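Participant: Residue numbers (the working numbering), protein chains in the order written: chain H, 1 to 240; chain A, 1 to 243.
No wet-lab data here; the hints were simulated from the structure. Since this is a predicted model, take the numbers as computed values, not measurements. C-beta: ideal position from N, C-alpha, C; glycine also. Possibly wrong hints are sitting among the right ones.
Sample of chain H residues facing chain A (criterion: CB under 10 Å; computed from the structure) [to be verified]:
1. His11
2. Gly57
3. Arg77
4. Asp88
5. Asn106
6. Ala134
7. Gly223
8. Asn226
9. Arg229
The chain contents come next:
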Amino acid sequence: MQALIDVRDLHFQYDDGTVALSGVDFQLFPGETVAVLGANGSGKTTFVLHLNGLLKGNGSVTVCGMPVERDTLTAVRQKVGLIFQDSDNQLFMPTVIEDVAFGPLNLGLDRHEAAVRARTALHEVGMAHACEKAPYHLSAGEKKRVAIAGILAMRPEILVLDEPTTFLDPPGQNALLELLDRLPQAKILVTHDVDCARVLANRAVFFDKGRITGEGSVEEVIGRFNWDRTALKRQATSRL
Amino acid sequence: MHHVVLDRWSRGSSPLHRRDARAKIVAALVFLIVLATAHRSFIPLAFAYFAILIAAGFVAGLPVFAVLKRAAVVLPFTAVFAAISVAAGEPMRAAVLVVKSYLSALAVLILVSTTPLPELLRGLECMGVPRYLLMVIQFLHRYLFVISEEAQHMCVAAQTKSGSMRRSLFHGSRFNAAAGALSVLFARSYGHAEGVYQAMLARGFQGHFRTFANPVFRKADAVFVLAALAVLAGVRLVLEVWS
C-alpha cells in the first residue's frame, strides 16, 4: 500500500540555530490515525508544518506521491488540511461562511461552488446555524469546529490536528472527539492529551529532541515513555 | 472587542451600503477633489459639505456622533501644520486646513463604514490600484486587529496585577516598564501575526483575497455617482457664484 505521507531523514534548524528536527522518518497510510506525542519543544509542531510546506527542511517529504516543493504547494495544501492549535489564528475573515469559503475560493472554485462547499462543511461540523456570525463571537469549541470546517471545505485527504482539544472544556472535548472520529480522512494528531490519542489513534509515535524515538500502539508508547498520569491517579486514590 | 466597530458598521444594509464599492470610491474622490480645490466662500461650503456628510451618515444608519468623534482622530496630525500657519501669521489658512482635513477624514470614514474592506479593496483593484499596495493594506488591516487584540489581553493582564498600562505610560518612574510592555506587545503581535499568515498559506492563500461578493455596477450605482457629482460640484458652483 502506498503511503499518503512519506517522510525520509528530515532535518530542520531554525534561524536562531535551534535544531528542531534531526533525521525524522515517518509514514502515514490511508485510513490511519497516528498520534504524535512528546514533550514541549520536541519538534512535533515543526514536523507537521513540513507536511503542508509551511517549513522546508533537508530530507524528503512526499504527500500522495508528490514531493513537497514550491511547484506542488497548491496541490499539497489541498491534500493536507492543517488545523492549528489556536483557532483564533485560523479564523481571519469577517464572517464564518466567508472564513470557511476562504480555502475553496483559493483553490479557484467559483463563488457558488465555494459557498456550497462551505455550507456543507459547516453542516458536517454542526455549525450551519452560525454562517453569518462573526468568528470572534463564537465559543472556543465553536471556533475549533469552524476551523475544522474551513479545512474540510477544501476536501483534504489528510487531516493534521495540532493540539485539537486545547482550550476546550470536557463536554467540548467529547463533542470534538466524536466529530473527529466520524471523519473518514487519515489523521495525524499532535497532542499531549493521552485520552484523545486513545480514542482516535490506532498508532503513536514519540518525539524527543527532534527525532522519533518510539513507535507502536498508543498504549505501548504511553507505557514505554510513562506518558500518562496513571501513577499520580493511583497516589491520589490511595490518599482517599 | 473594540477594533471590530468599523467592520460591523460596514456590514449594514442601507441604500448606501448596497452601492457598488467603485461608485462610492468615485463619489469620495470627487468629494476630496472638490473640497481640496475650494478657496472662495469656504465657510458656507464647509457647512454645506458637513451637512451632506451628516445626511449620508443618517442614510447609512451609522451612529453619527460616534462617526464624528472618530473622524477627529486626524486633528492632532493637522494641528501641527495649523500651528505653523498660525505662527506664520495666517490663522485663516490654519482654520481652513483643519476643517478640510476633518471633512476629508469624515468622508473617508463614511466610505469605509459603508463598504466591507474586501469589497473596497476589490473596487480599488478594478480601478487599477496596484495589487502590491492593496496587499499591504490588507495585511495592515488584519495585523492592526492582531495588535489591538494583544493589547487588550495585556491590558487585562496588567489590571489583574493592579497596574494600568495607560497610567504607566505617563508616569515617569514607570515609563521603562511600560516601554518594556510595549516591546512585548509588538513581539507577541509579531508571533501571532505569523500564525495567522501560516494559517492563510495552509489554506492556499496566494496573495489575493477573493470575496464572495460578485461586484456588478448597476444603473443605480451610475445614478449615485452622477448625483454625487452634481450635488458636490453644484453646491460649490452655486456658493461661488453667489459670493
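Participant: Determine for every hint whether it applies to the structure shown.
Facilitator: Right, here's what the structure says about each hint:
no.	hint	in the structure
1	His11	violated, 20 Å
2	Gly57	violated, 15 Å
3	Arg77	holds, 5 Å
4	Asp88	holds, 8 Å
5	Asn106	holds, 3 Å
6	Ala134	holds, 7 Å
7	Gly223	violated, 34 Å
8	Asn226	violated, 31 Å
9	Arg229	violated, 29 Å
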